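Student: Based on the hints, put chain B in the right spot on chain A.
Here the protein sequences line up with chains A and B, keeping their order.
In terms of the numbering used here, the first sequence is residues 45 to 370.
In terms of the numbering used here, the second sequence is residues -9 to 332.
Derived from the structure by calculation, the hints contain no laboratory data.
Since the structure is predicted, the reported quantities are computational estimates derived from the model, not experimental observations.
No false leads were mixed into what you were given.
Not the full set, but computed from the structure, chain A residues with beta-carbon under 8 Å of chain B:
| hint | residue |
| --- | --- |
| 1 | S100 |
| 2 | G206 |
| 3 | S236 |
| 4 | V265 |
| 5 | H267 |
| 6 | P311 |
| 7 | K315 |
Idealized CB from N, CA, C, for every residue including glycine.
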Amino acid sequence: MDNNYKPNPENLVEVNDLKMYFPIKTGLLSTTPLKAVDGVSFAIKPGETLGLVGESGCGKTTVGRALIRLYKPTDGDVFFDGKRVDDRSIGALRKDMQMVFQDPYSSLNPRMTVEDIIGEPLDVHKLYSSRADRREKILHLMELVGLNAEHATRYAHEFSGGQRQRIGIARALATNPRFIVCDEAVSALDVSIQAQVINMFEDLQQKLGVAYLFIAHDLLVVHHISKRIAVMYLGKMVETADADELNENPMHPYTTSLLSAVPYPDPIVAKSSKRIILEGDVPSPLRMPSGCPFRTRCKYATEQCAAEMPKLTDRGNGHMVACWNK
Amino acid sequence: MAEEKNILSVVDLHTSFTTDKGEVKAVNGVSFNLSEGKILGIVGESGSGKSVSAYSIMQILEKNGSIKSGQILYKGEDITKWPESRMRDFRGKCCSIIFQDPMTSLNPVFTIGFQLKEAIRLHTNRKGKEAEKRAIEMLELVGVNEPEKRIHQYPFEFSGGMRQRVMIAMALACEPDILIADEPTTALDVTIQAQILELMQDLQKKLGMAIIMVTHDLGVIAQMADEIIVMYGGRVCERGTAEDIFYRPCHEYTKGLLRSIPNVDTMGKRLEPISGTPINLLNMPKGCAFCPRCDEAMKICLEQQPPETRTPDGHLSACWKAIQAEIEAGLIKPEDITESGT
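With the rest of the complex left out, here is chain B:
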């Protein structure tokens, strides 16, 4: 690997929510590194803990949720220990987030310009005319036509795609090192989605920030991500480059997910869905989270969580089936396997 600097490291993150029915463990020991200027894709179905991982980084969890343990290292410093006042500086300046729904993430009673200038005023030294200039610059950057006129308009005067552009402008106004995009195009139509994804790729090249792209859409992730993390039941199943995940999946869940999307090869044939229903986070199995839905489940899957191990091509997967295959092939020895992985 070439010299790649980690800008953000998440180490063994546990986040849970206290509800009337008990503790919902949304994230159970997730670790990952984000390199400077890269796009990391986090993919998973609803309830896999992908959004909660992202919100944990920003520390914008709901009131009943909290980070139970683990570290989030930003440039080597653990931000989970930072006081709220310091976190406020972190958000916006170091790390920004855009959400799924551009309709509800803007305040309907203020103009676009006011909301953009607010972000700029709070996080930089720019005030008054200077802030306005910056706001216009940002709108121009994200491809909003006639920005001088449009900063005086209200969110309802913008279409969905345009609102998402405004959200991106707002997120990038203070030049953060990291942009978290939580399902940024899920609420948009395909042709508008293509516009926004292209814009994000362009901006990433121009400004060089790192992006964490959280989505359930495998198509979007295939187009955008350099590295991919596949999550299920609050844990990481598999991680690797986009090519590793799509062409050489090792975890049974990743394989199942790829089989269940229609593509050219499946036309006229039956799809092969993953059987069963999504996991109940209140009642997590002792072993592998995916085990109750896995066709290849073995006894050990029920009893013990699989550690992340290197696959033959060098990416990581946490699946007993894959581990067994490697032991049989003589690639790894059984005694090498520890709780923390090889």
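Okay, chain A solo, but in the shape it has when bound:
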């Protein structure tokens, strides 16, 4: 933690050198830290969407959870609206920072009605003056996400996946937050329903001015919804840039191969495009390679890559890359 770190007042969310280690038992008495997130920094402006992409195990979900302090970060600074997020301030700040989860089946309590699910954050933060006011607020939220008022007394299992995700979003919106972490919020949905929910996220942003951290593995979806995109690999951020810039001009070898691996829904493009197929698998985060974590799969790797992790450096127009060779 850096007590002297001063956040930029323009940013709604600012993260500096966030680290999240989990102790893993490796023997009877010994533990090894699993470095799920290892020194990640980024910032989100009010009403902006930052997309966070990476493969499973790269730490993107952990970043989202550590950000709103569902996990207590090992080290690093998180600021929200200029205020440091720590154990003392989080209680008051959580009203402004909400989360939408991936699985609309397990993130809703099956014993609660829709009204109670959406009303729970209102109860916790005491955001209504009377029962009638509570009900009115809930119905307004349901309308906002496109649910019928008559659904209020039903249970979660009576809804389809897309509708459940709407309930989860209404719950996140209940406290009128300024920032929502969307952790794979559309990944479990069918394409036709996914498009409905993506549109709704965009509409809500325009209407309410919320900022999103949009965590997903689907690059086409992330490119569509985000203004900026950050790419993670094994707990480290390897590249961040504006969405279009990243798509047209990826610099880090990992980003390049990630983008080329996306199966594009167009037979001629898909069959003719040159894929850069990465060899091998992601190394285990318990046996992280020295220096740059990507070097074991990178064709440009040199001795320098093994010795030292490159820093994110600006290559113009806020396009940040962490690579020695590019």
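Tutor: Positioned in the frame of chain A, the structure of chain B alone reads:
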């Protein structure tokens, strides 16, 4: 069309499941042909009946499910009439399947080698040392490094991508004519998915088997398939070559599906989703299954199932809207349309 031999024909297949709430008609009259050495893609959303069609071919349905009617012809013989003992030979030797989740399709308490050798022993004459040799060969073929060492390892020692390679090795060990791949890469990361798809294409060229690729991912299907079937509500909406489906879709559902995926053209614009919610298979509409969600629905769509008709470029689609457009253009006559299609 050049001489293309059908290795598998599915004719008017109906499969349903008996549940407490009634009969769930998962597949309602699906027909298709699989040519030798081709990749057929079946694409659809959850509940469209794509996986159930595949499981019906292998006859590995859940206990409450059964094939109600229709034929599945393998080299001209109807396999729905075969006894279980003959089906056991069919599975593995003639037709193999790989599943979505490589984590749960391998047995965690046996070594990879044991499981591979089991498949080889059951379906071929190879025994003992010979079976082991074949198992090592197969692992090498699918790109597993140091196969001699790895056949003694257990599934938990393999990563997701490696497990899917083992599943493919197992499926191909007995040289089947048909490989059914049910969402083979859905559980994998994109870079691993690219590896597996490339491997499947390579093996297909090398071994020449036909593949039925079942997936919901239009990107995967665009890259892999020669022919595509689009399914909705247990029925085929549209079928044709990959180019037909992606560049000249005629069915309103196919069009809607293609519009709802983000791509370069939609960046910065709103997506155009299909409205409404997926179909309830317990309560199928009388007419077109897609009708309740279709913006272009007409009266006839509610009342009568659309027959599959030829589109101007020669592929098939089952949509009243497309049929109407063709009648108006004078391409087909109304009296040509029968229940079975033109």
